[in-house]
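Engineer: Given next are the chains, with one letter for each unit.
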Amino acid sequence: MNDPTLIGPCADYEHELVELHDGELPPEHARIVRLHVAQCARCRAWAEEFAALDATLAAELPRPALSPAFDARLRERLSVLGVPAVRGELRSRIELEHDSLIESLRKVTWRRGLLGAIGSAAATLGVLAAAKGLLARSTDWTSLLGDGPERWVTMGTLGATIAVAALSWSAMRRGVLGLGWPR
Amino acid sequence: MDAGIEDHLAAGRHARAFDLVVPAYKDRVFRLAYSMLKDRAAAEDATQETLVRVWKALPGFDGRAQLGTWIYAITRNTCLMELRRRRPMVSFDDPDSTEAQHAAASIASGPAADPERDNLLRLVDALPRNQQEAVRLFYLEDRSYEAVAEQLGMPLGTVKNLLHRARKRLMELARPDEVIAA
Chain E
673 MNDPTLIGPC ADYEHELVEL HDGELPPEHA RIVRLHVAQC ARCRAWAEEF AALDATLAAE
733 LPRPALSPAF DARLRERLSV LGVPAVRGEL RSRIELEHDS LIESLRKVTW RRGLLGAIGS
793 AAATLGVLAA AKGLLARSTD WTSLLGDGPE RWVTMGTLGA TIAVAALSWS AMRRGVLGLG
853 WPR
Chain P
29 MDAGIEDHLA AGRHARAFDL VVPAYKDRVF RLAYSMLKDR AAAEDATQET LVRVWKALPG
89 FDGRAQLGTW IYAITRNTCL MELRRRRPMV SFDDPDSTEA QHAAASIASG PAADPERDNL
149 LRLVDALPRN QQEAVRLFYL EDRSYEAVAE QLGMPLGTVK NLLHRARKRL MELARPDEVI
209 AA
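Here the protein sequences line up with chains E and P, keeping their order.
Convert by adding 672 to the 1-based position in the first sequence; the result is the number in our numbering.
Convert by adding 28 to the 1-based position in the second sequence; the result is the number in our numbering.
If you are wondering where the hints come from, they were derived from the structure by calculation, not from laboratory data.
These numbers come from a predicted model, not from an experiment.
Note that beta-carbon positions come from the ideal geometry of N, C-alpha and C, so glycine has one too.
One should not assume that every hint holds.
Said to hold, decoys possible - Under 7 angstroms between C-beta atoms, here's a sample of chain P residues computed to sit facing chain E:
1. Tyr62
2. Gln76
3. Leu79
4. Met199
Using the sequences provided together with the hints, build the complete structure.
Structural biologist: Structure follows, in structure tokens:
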């Protein structure tokens, strides 16, 4: 079954010997392990050595305790802290902070949108004023648009200018951060 | 025990819940802190710090974890912060490291006064840190695997394995002329 010159239990029984010692084995399993230990010198020696170590550790390892002044010291520390905020209060405080942050971001967006709209309107009016000046110089304003394909290019340019102005106004109105118009 | 505490918590009576938490947990928190810090005064300070943190955080405890699990997690974090704060010390985490071998060697030539106890403490100190903590806590908790598992936040099987390896290693270290097991 084993070589008595070696130290250590049979590999199959090592964990069982510890569990037997700790009283963790079911009765039937414990009986089988005890039978084996009775017949195996190596397992018996190892189990005895383990039991001795366990007893020594239990007896010799320090078992410190809290000092008698512990509770008073804790009460003193807590009295300085006061009552902690309850969950509901914490939650409403966080929600208030969140709402005020969103509100301030919306104000920034609104201001930015207004400035963008004014800028876009000014640009569009400038284009229209320039067009009016050109029209005033000529009685036949249709001649300004040129003939044939040239007319369509000029009209397309004017349309594109108005479209760009409208788009930039719209983009500024929504804001760069996409936070939306104040609801 | 925890049921009474949780009733108070559910009703928003945090101060009354805390009045029950302190007597129920202070000693176990202290033993866990001692197993990690290896120093009585430091463990007591860590216990104070843990309970102050529990007091502050109790209104936010949502009951998703067991109260004990939550408190022991705070304890472990407090102790880990304390360990990090300390100056770097010689590590015995690797039992085969030079330091661990020196520690084991010094056991044989240690001081003569109460040699058995001194040797034992040095042997435990020569174990990897997680094994040291498990061994100290296991004997502080009157050999309860369940208590160790709960306090260290580990599965029961892991704790049994850890303790088995630790005690087997202690037996090996205690043999001056070690013979390799089959």
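Engineer: Can glutamine 76/P be said to touch chain E, with a Cβ gap under 7 angstroms?
Structural biologist: OK, holds: glutamine 76/P within 7 angstroms of chain E, min 6 angstroms.
Engineer: With 7 angstroms as the cut and Cβ atoms as the points, is tyrosine 62/P at the interface with chain E?
Structural biologist: With a closest approach of 6 angstroms, the tyrosine 62/P hint holds.
Engineer: Checking hints one by one. Is methionine 199/P an interface residue toward chain E, by the C-beta closer than 7 angstroms rule?
Structural biologist: Since chain E brings a Cβ to about 6 angstroms from methionine 199/P, closer than 7 angstroms, the hint holds.
Engineer: Was the hint right that leucine 79/P lines chain E, CB cutoff 7 angstroms?
Structural biologist: Constraint on leucine 79/P satisfied, holds at 6 angstroms.
Consistency with the previously given hints is maintained throughout, with no hint failing.
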